[in-house]
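Engineer: Residue strings, one per chain:
Protein chains: 2
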Amino acid sequence: MSAVQHIFRGERLQAFSDAVFAIVATIMVIPLKLNIKEGDIPSDYILHDHLYNLYPRYLIYLFSFVLVVDTWYSHSRIFSIVEQVDDVIMWLNLLSLLFISFLPYGTGLISHFQASRPEGFELAVSTCSAIIILTGLIMVVMLLYAFRKQALLHPEVADNTDMRSLKIGLLTTLSVNPLLALGALFFSLFHTESTQIISLVFFYCMGLGSLVVRTVIHLYHRRKCYSLPDFATSIFRTVASKSRTEAFSDGVFSIVATLIVLDFTATIPTSEAVRNNHGGNLRYALGSTRFIYLSYVASFCIVGLLWFVQYGMFHFLKKITPTLSFINTITLCLVGGIPFVSSIYVIFISNEESLKTMYSVDNQLVAMRASVVLVFLVGLSQLLFWSIALYQKRECLSEEVDRYPAEILMFVKIMIFPTVSGILFGITFTEGISAKHVYGFVIATTPFLFLLAKFVFLIQECMKTRAV
Amino acid sequence: MSAVQHIFRGERLQAFSDAVFAIVATIMVIPLKLNIKEGDIPSDYILHDHLYNLYPRYLIYLFSFVLVVDTWYSHSRIFSIVEQVDDVIMWLNLLSLLFISFLPYGTGLISHFQASRPEGFELAVSTCSAIIILTGLIMVVMLLYAFRKQALLHPEVADNTDMRSLKIGLLTTLSVNPLLALGALFFSLFHTESTQIISLVFFYCMGLGSLVVRTVIHLYHRRKCYSLPDFATSIFRTVASKSRTEAFSDGVFSIVATLIVLDFTATIPTSEAVRNNHGGNLRYALGSTRFIYLSYVASFCIVGLLWFVQYGMFHFLKKITPTLSFINTITLCLVGGIPFVSSIYVIFISNEESLKTMYSVDNQLVAMRASVVLVFLVGLSQLLFWSIALYQKRECLSEEVDRYPAEILMFVKIMIFPTVSGILFGITFTEGISAKHVYGFVIATTPFLFLLAKFVFLIQECMKTRAV
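Protein chains in written order, with the working numbering: chain X, 194 to 661; chain B, 194 to 661.
The hints are simulated quantities; they were obtained by calculation from the structure and are not laboratory data.
Quick caveat: nothing in here was measured; it's all calculated off a predicted structure.
Be careful, since some hints might not be right.
Identical copies go unnamed one by one, so any copy, or any two together, can satisfy a pair.
Claimed, not checked - Using 20 Å as the maximum straight-line C-alpha spacing, the simulated EDC-like pairs for lysine to aspartate or glutamate come out as follows: (1) Lys226 to Asp456; (2) Lys435 to Glu204; (3) Lys586 to Glu654; (4) Lys629 to Asp456; (5) Lys657 to Glu600; (6) Lys629 to Glu593; (7) Lys629 to Asp352; (8) Lys435 to Glu588; (9) Lys511 to Asp555.
Model the full assembly from the supplied sequences, consistent with the hints where possible.
Structural biologist: What follows is the structure in structure tokens.
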């Protein structure tokens with residue numbers, strides 16, 4: 194059949210999509226940003242209350258991040274059976290990326306207007322639902338198209354005898370989120386309290402729903418005594434391949450690491466501003482923002498080292514199970530919060546303006562605690578990831594990890610962030626110590642702890658080699 | 194030797210670095226952004242003059258983009274001989290990424306203060322030079338470290354008899370930019386007119402300098418009758434492998450496609466703004482920004498289809514030559530300008546406020562022409578890329594391209610954007626036609642031209658198959 198010419202390898206399309214999904218997931222954090230401009234902080238501003246009152250938005254952030262990752266899982270599942278792509282798949286894929294890239298806008302609406310019923314609520318929920326439905330629809334079309342043009346499918350799938358049950362299973366998993374979104378959309382149209390609650394329930398079930406359906410399908414196939422070949426069952430069991438998870442994680446880490454450059458490139462003053470505010474002294478004008486550079490360096494280093502730890506763990510990973518993938522998502526979601534915390538830090542610790550306010554000392558401590566707690570949580574979830582991987586050692590890890598001292602060195606690396614941030618958290622409650630300076634000192638020395646760990650092991654090994 | 198344990202595959206480190214370099218290159222466009230807020234346009238604002246006066250900034254943008262790409266080439270060259278990485282390489286790499294990510298800030302300073310001599314000039318040039326020097330230094334250290342630990346090197350390099358001349362050659366290419374930057378830094382310290390011009394000459398030689406040096410080294414090795422094995426000479430001849438060029442391009446395209454989401458997620462009004470400006474009507478408040486969504490959709494589609502064309506060309510590419518790589522860089526640089534043009538479009542075409550100004554019609558036409566010209570240039574550079582690839586067919590392209598109708602279909606795809614934008618440019622000069630509506634119509638129909646081209650070829654092929 195000559196119609197199936199012009200087919201391309203699918204890898205680059207996957208890499209491009211991974212990047213877009215990672216960007217979309219990472220900019221979900223934007224609606225969290227505080228609505229205060231530097232140098233314009235009310236004198237009775239209490240950061241603690243403000244951060245506390247934002248808690249619905251944290252949940253929405255978590256939810257939207259998981260939702261994007263879930264959509265990305267669907268994408269990943271489609272391309273685990275579609276090996277070759279043609280123009281039509283390319284266009285459909287671009288269209289689905291276009292729709293999903295509207296999601297930060299949709300969840301931004303929810304962040305702002307969830308509480309303002311009925312009008313704002315209806316608009317926010319229906320916009321978001323429409324985005325999910327459209328994205329899902331395109332993906333379903335993409336899958337059906339691929340099944341029609343069998344030349345595009347993975348050879349193992351094409352040889353599959355039970356193509357039909359594979360198709361139905363995949364379509365079911367793809368439809369869960371759009372159907373739930375349809376429910377949410379429907380109920381949001383009625384302006385009564387109770388229908389809106391139902392709508393919200395539908396809406397927030399999305400991330401969870403597809404998990405449940407996937408498990409059901411998996412169990413169903415298992416009960417039918419493996420009617421599907423290994424390859425096909427593995428599609429429902431696994432979520433995304435290791436290499437795609439790595440690509441997605443790399444995307445998130447690299448964007449988070451550089452997102453703050455955007456902020457501080459924007460701090461370059463215009464010539465007029467230098468003339469008016471700093472007496473024409475450019476050096477002074479730029480110097481006044483020096484803490485922003487330092488905090489950028491600090492967060493870049495933290496993000497870089499967290500990526501380094503993740504890199505190490507994934508190196509030993511043979512295969513990524515659904516549990517590990519879920520924990521990895523949570524880790525990435527927490528990492529995505531770093532630009533938010535870093536922006537708080539810049540406003541309340543580095544900024545001399547903020548010292549003039551009434552609660553400046555309290556606000557400083559709260560800003561420090563916020564950043565320390567976030568890093569602690571990231572460290573903790575990495576630790577959890579590694580513990581579970583060790584628990585499922587046979588299934589998940591390569592044998593390389595057993596070679597002494599790989600496992601111990603990895604463990605030491607993983608422990609550095611939780612330990613350091615735990616100690617720092619304690620210090621912020623200690624009176625008499627200038628927490629700000631300790632904080633700066635510890636952040637500056639953390640990278641050296643990694644070096645230290647490395648050198649201790651190197652020396653130990655050298656001594657051993659000599660002894661032998 | 195037991196010290197060289199814990200070495201990892203280098204691919205993921207490269208992928209992460211590609212992403213960071215792509216982000217850094219893409220956000221170079223930010224200092225270009227117009228300093229006007231929507232709804233706050235002076236009544237005698239003439240967009241044409243404003244865009245015209247920005248021309249030094251376009252050059253700086255072009256220069257900084259090329260500079261980042263050049264640094265990325267160096268990175269790519271290092272990792273064409275370093276196959277495995279250990280912790281030290283990882284840390285050095287992160288450090289070099291940290292330094293390079295300051296470059297948008299540095300070139301932003303140059304954009305703003307190049308004209309304000311002597312103080313602003315000195316600060317801007319010296320900041321930028323320092324960034325280049327530090328990045329280069331780290332890369333040199335990285336290379337020397339890799340040469341010391343030969344277990345990290347590519348097996349073909351390790352077997353290389355003439356390791357020394359390879360090392361010297363690589364170090365020379367790595368040092369060109371930092372040395373030029375050192376020159377620029379040195380001369381910028383003197384506050385006389387002539388030294389500052391010398392400083393600028395040094396500075397702007399950077400992108401070009403490394404090209405010259407690479408050619409010299411290549412010719413030198415050639416004269417010595419291939420004293421280096423093929424693998425090593427290819428390091429100096431090629432710039433970056435095809436797969437890394439693809440990864441970098443994917444990064445740029447995906448960020449450009451989604452960068453505008455950042456802008457329009459920021460347009461979500463607060464509850465107070467809705468109450469004060471739109472009489473509490475949220476639907477109306479969101480509706481007032483509907484053109485922003487449309488222009489986002491338009492630019493996403495344009496970027497997506499440009500990526501699609503590039504994808505197609507790279508599919509047939511066997512190998513990327515320095516010339517092709519250079520043209521690809523120019524294409525990417527132009528693509529990076531799309532968010533800038535799109536922001537102008539949003540302000541001057543979509544925005545009802547801008548219609549109240551004196552020169553609103555002229556400004557609209559200029560905004561249209563700016564976007565059309567940019568797309569035309571991107572299309573043109575893709576056409577140039579393909580023409581050169583066809584010219585060097587034997588060296589560059591796979592045989593697949595000879596199979597009718599692959600070549601013709603590719604050519605049609607490449608021609609769509611230059612043709613459409615050329616016609617649109619003409620239309621903006623035609624009186625009597627509502628240019629704005631034609632413009633919108635053409636943008637909305639362009640994706641269908643791609644579909645049309647595809648279907649024409651499909652039908653033709655089907656008919657042929659039947660005739661046979």
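Engineer: If a hint holds in the structure, say so; if it doesn't, say that too.
Structural biologist: Hint-by-hint comparison with the structure:
no. : hint             : result
1   : Lys226 to Asp456 : both (12 Å within a copy, 14 Å between copies)
2   : Lys435 to Glu204 : both (14 Å within a copy, 13 Å between copies)
3   : Lys586 to Glu654 : neither (25 Å within a copy, 54 Å between copies)
4   : Lys629 to Asp456 : neither (23 Å within a copy, 34 Å between copies)
5   : Lys657 to Glu600 : within (17 Å within a copy, 63 Å between copies)
6   : Lys629 to Glu593 : neither (42 Å within a copy, 63 Å between copies)
7   : Lys629 to Asp352 : neither (64 Å within a copy, 53 Å between copies)
8   : Lys435 to Glu588 : within (13 Å within a copy, 35 Å between copies)
9   : Lys511 to Asp555 : neither (47 Å within a copy, 62 Å between copies)
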